[in-house]
Amino acid sequence: EAQVTQNPRYLITVTGKKLTVTCSQNMNHEYMSWYRQDPGLGLRQIYYSMNVEVTDKGDVPEGYKVSRKEKRNFPLILESPSPNQTSLYFCASSRQGNTYNEQFFGPGTRLTVL
Amino acid sequence: LAKTTQPISMDSYEGQEVNITCSHNNIATNDYITWYQQFPSQGPRFIIQGYKTKVTNEVASLFIPADRKSSTLSLPRVSLSDTAVYYCLVGERGSGYSTLTFGKGTMLLVSP
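Protein sequence lines correspond, in order, to chains A and B. Take any residue in the first sequence, count from 1 to its spot, add 9: that is its number in our numbering. Take any residue in the second sequence, count from 1 to its spot, add 25: that is its number in our numbering.
Extracted from the complex, chain B is given alone in its bound form:
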């Protein structure tokens, strides 16, 4: 699995757009980028995944530049309920991978 680096924490206010960047300099050609969200005392849940350019769903957008060495999770107009830990994972689609590393993630705190 490619090593990822993301900020430990971020603060925002309700209604603002939040961008969380994840660095993955050694990403491989077959690797995909996946983000999870974890609310306090709950298990993480998948929110978005992408390979290149831009992916958007009802929860977030994921921007991936051409070199794919980083990615940015964008949360539009956050609310208090978006307060959570966000994890960035990078790995390939094929079978055979074993240990999955979530790391410490980014703790996003949204204030009124």
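The following block holds chain A by itself, in its conformation from the complex:
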């Protein structure tokens, strides 16, 4: 089954404790990205990757890191999480990085930073 998986689905952590949210896709997609969704602010893109070893900032990259060492995986790293990073996070992938190509989203990761 074609899908995007994220882990963990739910995470409660404390300020400053490094964490990684994993994302994996099995569709051989070139483009992968991370979004955060907050009430009243909609869906905002954090980072994206056009292909392996190619990453770039989205609209809200501060406080996040990503890497793309393999085509299928695109982990999101919070080196020192803060409460303002409490949010619902989505990973997505598509064949190419433009609106024409359908974006496939993961199930989401709800993060709470205390």
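Hints were generated in silico from the structure; no laboratory data involved. Please note that the accuracy of each hint is not assured.
[Claimed, not checked] Computed cross-link-like contacts, DSS-like style, restricted to lysine-lysine with a CA-CA straight-line distance of at most 30 Å:
| no. | chain 1 | residue 1 | chain 2 | residue 2 |
| --- | --- | --- | --- | --- |
| 1 | B | Lys129 | A | Lys66 |
| 2 | A | Lys26 | A | Lys66 |
| 3 | A | Lys74 | B | Lys129 |
| 4 | B | Lys28 | B | Lys129 |
| 5 | A | Lys74 | B | Lys28 |
| 6 | B | Lys79 | A | Lys66 |
| 7 | A | Lys78 | A | Lys66 |
We have chain A already, so just place chain B on it with the hints.
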């Protein structure tokens, strides 16, 4: 990417037809119009895409007038399960685009 404007929210009742309009005055010649649907606590999912005139699938219809400066997503006979946020995106088919902006979308609430 062309800037889009859509209503923040809409209300409807079960069985009614719902039309959500998206304005995209600066749409470019090569741009396509794509709509996504997002249920609470789930990721958005693609529902329909078009370039001009009318496109219909099992979920919705998309109407695009000749000037393409707006588009209307039509949901026939909505049910409670159509309660969701609907996003309109406009962009071209070619490679090279980077940041994808979903914005706030339109929150559709369907009541009994």
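Could you tell me which of the hints above the structure violates, numbers in ascending order?
6
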